[in-house]
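Residues per chain, in single letters:
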Amino acid sequence: MEATADVVVNASRLCFVDPFGMALLGATFHTIRNQGRSVQICGLSAEMGGYLERMDVFEGIELVDCAPMPMQRHNRGDSLVELTRLGARRDVDEASFRLAHAVVGHIPGINPDEPPDEMTGYTAFERLVEPVQYALNELLENALTHAKGHGFPDACVWVASQYYPRKGMIQLAVVDDGCGFLASLRNHPALRRESHIDAIFTALMPRISCNRDLGLSSESVNQGVGLTTTFRIAEQAGGRLVIASGDAIHDTVGRSYQLTEDNFWQGVAVAMECRRDRLPDIRFRDLLPPLDAQPVRRLRFE
Amino acid sequence: MITRSNFPLSKYAYGHLIGARATASSLREQVEVALAQGQEIVFDFSGVDATQSFIDELIGVLILSNGPEILDRLVFKSCSDNARAVIEFVAADRCDQFVKIHSH
Ligand SMILES: Nc1ncnc2c1ncn2[C@@H]1O[C@H](COP(=O)(O)OP(=O)(O)O)[C@@H](O)[C@H]1O
Ligand SMILES: [Mg+2]
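Read top to bottom, the protein sequences are chains A and B.
FYI, the numbering for the first sequence is 1 to 302, going by my numbering.
FYI, the numbering for the second sequence is 303 to 406, going by my numbering.
These are computed hints drawn from the structure, not numbers from a lab.
Note that the coordinates shown come from a computational prediction; the quantities given were computed from them, not determined experimentally.
Built from N, CA and C at the ideal position, the CB exists for glycine as well.
Don't take each hint at face value.
Stated by the list, open to error - Chain B stretches covered by chain A per the calculated footprint, using a threshold of three residues with CB under 8 Å from any CB of chain A:
| no. | region |
| --- | --- |
| 1 | 330 to 336 |
| 2 | 346 to 353 |
| 3 | 359 to 367 |
| 4 | 377 to 383 |
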């Protein structure tokens, strides 16, 4: 694809897009338009067109020879969540909450408006939402801080999600167009080899952060357990993470590989899958890495 | 008598969770003022859980800048198991890091 030419996408054979694909498409279209180029999509089936249109994937895109049809909402209930783009850290809290709510959606037999459990103060619905909200918080925070470093101040993040009722699975995708893991961790002593795949592995290790040890002179400090925690949420809920950055892809329950020539993701793209019925059992204590040392101080809990 | 300054956290929560670091950094500035006046801080966790990022930005940073002794002046009230687990992790990890940095 020449970097100056307009882009024409032949979508006549497209029959399925998951949230990961949707977020990657949204980010790619945005990049192309920002370069002053236009995007045309042709041959899209009515069903795919209607679906993607409903998901807001086509912002500023010209559809040629396609007939987008409005999607019938009742088909998928409220588990449909439009593609969302965020650019500022202050949006992280609200967006994580809203998106987690939307994707957890309507569960037969569980009423979001039921009174909360007297002991815990939570409704059954809120127990499902919280781990998803937690994971989104960590991933969005990363994308709106780390990704903007090393010459990518305008990086944005795209979020898409969907619940698949037949499998009982939730998929979330958080995709940014920032600096990528390798740029962020290039000087970290734990990075064994200067490659994208090694950078992904390094970022997943507990207590690895680009600025854990810089001291308080830097703008912020981090603890380096956000990705580890997110991975454990997926794992405990019977799911996985798929992470792409640069020329590498890593599937936490499958294989990792290098993409072939010309295929490259500038930034970090994360897909998270989990079983919805396993979410209420997640306890934060089981997500955090074991402590290296005994606490040096008694904490005052009241 | 040492006066106590109370910080109810539920107003910062979305649903039951407080997540973002940015929320914690502005709150920490108020906490630092109260600490400088010699007060004890009571963090009231009634009805809320918090991410490790939030707790680290609030408490982890206080430990890194003041040392583990600062924990003697912080009280964690009405914590759920989830909130307690995160506070214990952050406090132990940042105390350990502080001790390692300052023993060199
Ligand atoms: N979206 C991203 N873009 C670039 N680098 C990232 C991104 N997410 C994470 N990283 C890198 O991976 C490291 C580990 O991430 P994480 O486990 O969330 O820890 P923390 O955010 O506390 O540093 C980060 O410090 C950063 O170097
Ligand atoms: Mg993080």
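Do the hints match the structure? See the list:
Judged by the Cβ-Cβ criterion of 8 Å, the region 330 to 336 of chain B is not covered by chain A as claimed, because only 0 of its residues qualify and three are needed. Counting residues of the region 346 to 353 of chain B whose beta carbon lies closer than 8 Å to any beta carbon of chain A gives 3, which meets the minimum of three for the stated coverage. Restraint check on the region 359 to 367 of chain B versus chain A: 5 residues with Cβ-Cβ distances below 8 Å, three needed, restraint holds. Counting residues of the region 377 to 383 of chain B whose beta-carbon sits less than 8 Å from any beta-carbon of chain A gives 7, enough to reach three: the coverage restraint holds.
Going through the hint list in order, the structure does not satisfy hint 1, though it satisfies all others.
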